[in-house]
Amino acid sequence: MQRFLDLADFSREEIVELIDLARRLEQHPEPRVLAGRILGLVFFNPSLRTLASFQAGMARLGGTSFVITPGQGTWQLETCLGTVMNGGAAEHVREGLPVLASYCDALGIRAFAEGKDLARDLAETAFHTMAEVVDKPLINLESAMNHPCQALADWKTMDELGVPRRGKFVLSWVQHPRALPLAVPAATVHMAAQRGMDVVVLRPEGYALPPEIMDKARAAAAAAGGSLRETAQRDEALAGAHVLYAKEWGSTAHYGDVEGDATLRARLADWCVTPEWFAAAAPDCKFMHCLPVRRNVAVADAVLDSARSIVQREAYNRMTAQMAVLHRMLSRGE
Amino acid sequence: MQRFLDLADFSREEIVELIDLARRLEQHPEPRVLAGRILGLVFFNPSLRTLASFQAGMARLGGTSFVITPGQGTWQLETCLGTVMNGGAAEHVREGLPVLASYCDALGIRAFAEGKDLARDLAETAFHTMAEVVDKPLINLESAMNHPCQALADWKTMDELGVPRRGKFVLSWVQHPRALPLAVPAATVHMAAQRGMDVVVLRPEGYALPPEIMDKARAAAAAAGGSLRETAQRDEALAGAHVLYAKEWGSTAHYGDVEGDATLRARLADWCVTPEWFAAAAPDCKFMHCLPVRRNVAVADAVLDSARSIVQREAYNRMTAQMAVLHRMLSRGE
Amino acid sequence: MQRFLDLADFSREEIVELIDLARRLEQHPEPRVLAGRILGLVFFNPSLRTLASFQAGMARLGGTSFVITPGQGTWQLETCLGTVMNGGAAEHVREGLPVLASYCDALGIRAFAEGKDLARDLAETAFHTMAEVVDKPLINLESAMNHPCQALADWKTMDELGVPRRGKFVLSWVQHPRALPLAVPAATVHMAAQRGMDVVVLRPEGYALPPEIMDKARAAAAAAGGSLRETAQRDEALAGAHVLYAKEWGSTAHYGDVEGDATLRARLADWCVTPEWFAAAAPDCKFMHCLPVRRNVAVADAVLDSARSIVQREAYNRMTAQMAVLHRMLSRGE
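Protein chains in written order, with this note's numbering: chain A, 365 to 698; chain B, 365 to 698; chain C, 365 to 698.
Isolated chain A, as found in the complex (with noise of 0.2 Å):
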């Protein structure tokens, strides 16, 4: 595996059996497999799962990492190509991203959207111009549009729960201080769809996920025998629900407006997540969140320290996950 980018690009077999290769590595660990390969982070935004799951997840194989922090301890790097660089960044990413990656056997990037242009977002513009540059294998670690470890861990957990195949998955937007980025909720309906579920995307008017995010879903949903659908409407929404999942992210219909996004979440403090969302679920319903999340604004402490929660199992899983990814990307046997 040379590119761990979007879980779209694997067929549904080949998911699976990255989970059970990381399984196996649960049951049957393999402390050495990787010893003397170096896996390369960049975070380019705030990290805590990512950064420990990647370090730790290398260690258990038998390998080693290092972290580069752009704006601290390393100087800020531009994207933008063709640019006058007379301004903050002290260096391109088309020198340092092909530096980092001569000196390591595979590279990890982490870089948010920007939030203020949603085509430019949806592009992935500032990602596909830092791949292009890296010739070594490369992992997705949250780009503007997409989060496939994280897909991938949840996709793992559910599993591990008795979640359904064809269960029903309603994705929840959820409160939050201010607009953030629609990585993860764009790779998790993708990932609910290619696993084969029926996919609910519940949130308020104004929060609707771009037709391009959906109609890359949908696609997904059909393929696997699922479905994919959106709506305002709570009760009806999680009626029969196997999964919530929720959310935060900012208004599509404001996107990069942060006064007019601020304006709609306002009203929308009641899209905080309490045990009475539940009362017409499936009776095991799973409570997600890819965390981090805020206790009594995006969800209720009463659900949070429910048994219903399967968080920690979530997070557990991006480093069972990550070292399936890293096993095929850089064992020698594969």
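Simulated from the structure, these hints should not be mistaken for lab results.
Hints should not be assumed to be uniformly reliable.
If several chains are the same, the list does not tell them apart, and a pair holds so long as it fits within one copy or across any two.
Claimed, not checked - Taking lysine to any residue pairs in the SDA-like style, the calculated list, with each CA pair at most 20 Å apart, reads: (1) K480 <-> T493; (2) K580 <-> R677; (3) K500 <-> Q676; (4) K480 <-> W439.
Chain A is fixed; fit chains B and C onto it per the hints.
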């Protein structure tokens, strides 16, 4: 060993055994004993010795480590329970810490006192909130009122340099531009008392250690055959002393009151240790300090650069003492 | 090898041997030769290549490393002697560095010029204060006036790409938004002189390298059979050149005078390397730069993206050259 949170949790014999193990590992290194083991280090506050000594110590035992720094590379983490998280913190320790713990074999946490409410800091509210949700071996890298790694290193250092077990140990307040936490003074008096020494706390008016700290140390002194008292009289305190341990801390009479503390300390410029302080001390009286120390504010160059000063040995023993803790926690043979 | 602080400390033969060792390690990796060895890296200034190449290089030899960044995760460290430390710095390098050295097998330190007082920077006052208290092998990761790791990597790169030993080497000043240190130009002219090349320093008026730097390099040139001169005439300088090495630095006529330097450099916008600069150069004249570089300020995209540019190879050779230094310092067999 599942927890290393407070030297007071261990008997004198257990501490002596830990120090023996540290010495054994110095003489007979075990460079592979922690192969495959991972230590997670979480720093809510800055670090130099703790960071480097734990990373180097794990490496010398064949293990690896990762570092998370909330507010720097990682967002801020909330420690208060039941709060509505609409402020600066993006994640609660109730999510963040169990997740990190699930990636590693042991976790170390540094979280200084808030320095606002003495009762709250004495209760170690924040540290307990965190310790409660970590189900892996846990090390206190300095909490509001404790620093067991420093205490263990200091005990080992005194043993090595022939400081008599029944010797006179003077902990003296020294000058600093601002109020610092009580963690090191609290851990130090307890350690010296537990070692069986005659302990004197020398401090100006307004800087008495809280009764909770003194009482706990006094009980340890009684059990070990030593003693504990406090005074503001420098000459009397230092007469015959075997150790002068200097430390900066904030006024307990004005705890959390920046101006009150500043007014008091403005008159205490002569609380900077000079060679004259040792006039009536034992001939080979040692100078100790946990570092970092401000030269010519807390202690004069002439003391720090003299043969009395054993601060480098204390710092080196952070690593050797912690290696014993890690070995006891993580080696599979034990 | 106990110290790697200045290429000038080594004979031509010793440098050639180091480069041979670097090449041998590329062809015949020794992935366990530094097992159990620990490198401490202290960065007073930002880093990308140095950080990643040293961490990856140690890992490729089986060793490990830790990173300390004063001012970021670690408090500021004081370098002035005899000072009353009541300012921003919480610890003196006289404590901090020996402590860090006691945890590791070799230490690397990056500490740029202060850029205020030329004589003080030329004297390497801060670096010497630090080097004096470190009793472990020590590597200069870039000091006020030196960057031996870059110089060694550049020498190796020229050898590999067939740049004639007696070729013409032009170090040219190029544009930057502000004054940068003299470390790389100083190390570069000396390296090219020591290699035996005909070295020309091309720079506008006000940017002459200090006589101390030029005299030292001239002596090296004389010993190696090369030459060294300086000029402000671009055409004449570049005629027949085998290498154009571009570098930004501050005005030496206005050293430490931000406005004076800014006034001067405001008129020098045409000191951005374009393809035209190579009109009269040798046909395969190489473009070199140590990176980071500001595109279209110091050098045009058309040069950096052309076949002339060997900046990626230079950066890659940071790792390979440093691995030879680490091997020489730390492998037990040697």
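Notebook entry, point to check: Can you name, in rising order, the numbers of the hints this structure does not satisfy?
Noted result: Numbers 2 and 4, in rising order.
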